[in-house]
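**Student:** Here is what each chain is made of, one letter per residue.
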Amino acid sequence: MEPLRLNKSVKAYIFLILVAFSTTTYGEIELLGELSIEIRNFQNEGLFGQKKGHSSYTFSPELYFESEGGKDFFSIKPKFREDAEDNERNLEDLQELQWTHVGENYETKIGIRKDFWGVTETAHRVDIINQTDAVESFDGEDKLGQPMINLSLERDWGVLDLYALIGSRERTYAGKNGRLRMPFIVDTHNPIYESSEEENKIDFAIRWNHYYGDLELAISHFSGNTREPLLIPAQDGNSIKLLPRYDIIDQTGLEALYIIEGWALKLETITRSGQGDRFTALTTGFEYTQTGIFETTLDLGWIIELNHDDREEHSPHAIGTRFSFNDIDDSQLLLGVLWNESTGETNVFIEGSKRIGARSKLSIEGFVFNGGKKVKGNNFDFNKANPLDFLQEEDFLRMELTIFL
Amino acid sequence: MKNISIKKLAFLAIIFLYSLLSLADDASKGLEIAILADKNTEGFIDSQSSMEMQLTNRKGNVVTREMKSKRLEVAGDGDKSLIVFESPRDVKGVAILSFSHKNSSDDQWLYLPALKRIKRIASKNKSGPFLGSEYTFEDLSSQEVEKFSYRFLRDEDLNGQPNHIIERIPLDPYSGYTKQIVWIDTQNYLIQKVEYYDRKSFHLKTGTFSGYKKYLDKIWQASRMEIINHQNKKKTVLIFKDIAFKTGLSDKDFSQNSLKRSR
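Chains as they are written, first to last, in the numbering used here: chain A, 1 to 405; chain B, 1 to 263.
There's no promise every hint is true.
One side of the interface only, derived from the structure: several residues of chain A facing chain B at Cβ under 10 Å [to be verified]:
id : residue
1  : E30
2  : T100
3  : V102
4  : R113
5  : F138
6  : E141
7  : E216
8  : G262
9  : F279
10 : D299
11 : S353
If you are wondering where the hints come from, they were derived from the structure by calculation, not from laboratory data. C-beta atoms are modelled at their ideal positions from N, C-alpha and C, and glycine is treated no differently.
Looking at chain A on its own, in the form it has when it is part of the complex (with noise of 0.2 Å):
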């Protein structure tokens, strides 16, 4: 497993926030923690021989107190992850190590920890504080632990958050025998990055929020490392790799949700520069939930979601609908399909879970790729292909058994 990389500052910074924790005397204390085991299974062998199945675990335990007076919070979040096939999705992660103080009209939150922006289910555009932990699933909602200092102002006028980012996490990426990846391998050790000070310069970011009756408004910046790195191909002996390489970027965001009787109308846009020209990018669409369905406790949900991107020629539309069961198990299920017009790409998902006594869950997650060409070996053209194209041969259907300890 590789050792967990902290550089100097984030070292400091955690004993900054130990610090806090000794001087604290404490109220509640809860030790909790979830243990995943999961199977993936792989319809064909991968493009570069990996195998059928796959499978790993991921343990995250968690020690959560706060403060006699309930004015400071702590939280540690560790986690782990080890993957039968892969190394690279080995992980060791903070997720959180954090201090919360809550004062008069403002709180501060220093350590590491996750922050989530944004009102769209099926792509984030908005959503910037966190690296994703692009390997844990498909859909980019894992994300790392996050080294900040968070003030949050909250007043009549919304809540106003600013965020200095204490160093840069990397973007997770599967290696030679992993799967889903690329037809060249990322070379996650050796990245590139426009900063002299890498992974340890300092960036910031601001966000306002506030509804007025059944509208929500957001609108944010960011100004750092980018999260999303380009991929650089580069000589490796006789083939070829790909170094992500990350940029310094400014991201404003706007994020707009309206509810009109049972309908959510959402929005969220961004505009980006430092990667090339600048562009922008959207996501626009509903969230419409029909409850009692067929005279049974079911409610469907029923997402569309269309999706705009400078860098992109057409991109890929989403449309889904949610089966709530409502029954004592919380079953879920989610039927899906992102189809690109352009393309005839078609990318069809199913994602259920169900409880299983008091302490354990059971999800589901299946994906199909359709429309691509198949791609063979490393005869891949880059410029020509398809985004799906190198993914022909990796549909999947994965089983996760969480266990809440």
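Using the hints provided, position chain B relative to the given structure of chain A.
**Tutor:** Frame of chain A, contents of chain B only:
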């Protein structure tokens, strides 16, 4: 003949007017009782409690859910409330913040701790089951007087106690019910029983309230609620523990930031 029909007509008209008047009378009497019942919860300022939910299926198997609840009275408007789930473990930390309004639909936010995400949700979808129980969000949310129209039905004994029986009709078109029949005791004006009629006017559920205790010398709070679904024969019992009033909560405890901290 003509005279008789005019007499008849006059008689019918009087009957009609009388019934109109008595309808109006029933309506105002119904409202009066509802207002008296509501007085029992007025001025609570804020409250906190732990809740245990026992879900019983038709075979009699029981599963338990635990949650914590905070409420804040808002002058001139509906209450603010925060419900945080404790168990089952997979939903621990999930929280629902709602601002109930007297004359408009409620504002509601859901907090998902795994994603650290706050999601605004359409409160129109309140007629669905709450956490797999026989209660809906509508049943558990703040029952403001202004949210119904009323009619007095009759007086009747319930468990040997005299009760007023009123009918209340939800004014919200998104309510899951066409009407509710409510038993309110004549001594303290406490809700004892509610019959819930679904959108097809079918008597779907019956709820009972017990273990009333008086707090702050004026606030009455039931410590046990039970609801039986007559269609699927399932039952949910809700037990309130560690009930406390005037605990010093403020708007700050019902903010977006506090929702992110809730656990």
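**Student:** State for each hint whether it applies.
**Tutor:** Results of checking the hints against the structure:
The interface hint given for E30 (chain A) holds, since its Cβ lies 8 Å from the closest Cβ of chain B, which is under the 10 Å cut-off. Look at T100 (chain A): its Cβ gets to within about 7 Å of chain B, closer than 10 Å, so that hint holds up. With a least beta-carbon distance of about 7 Å to chain B, the hint placing V102 (chain A) at the interface is held under the 10 Å criterion. Interface restraint check for R113 (chain A): the shortest CB-CB distance to chain B comes to about 8 Å, inside 10 Å, so the restraint holds.
A hinted interface residue such as F138 (chain A) counts as satisfied when its beta carbon comes closer than 10 Å to some beta carbon of chain B; here the least separation is about 16 Å, so the hint is violated. Because the smallest distance between the Cβ of E141 (chain A) and any Cβ of chain B comes to about 6 Å, under 10 Å, the interface hint for this residue holds. At about 5 Å, the closest approach between the beta carbon of E216 (chain A) and any beta carbon in chain B falls short of 10 Å, and the interface hint on this residue holds. Interface hint at G262 (chain A): satisfied, since its Cβ lies 4 Å from the closest Cβ of chain B, which is below the 10 Å cut-off.
Restraint check, F279 (chain A) versus chain B: the minimum CB separation of about 26 Å is more than 10 Å; hint violated. With 10 Å as the threshold, the beta carbon of D299 (chain A) comes within range of chain B, its nearest partner Cβ sitting at about 5 Å, so the hint holds. Contact between S353 (chain A) and chain B, as hinted, is supported at the beta carbon level, the nearest pair being about 8 Å apart and thus within 10 Å.
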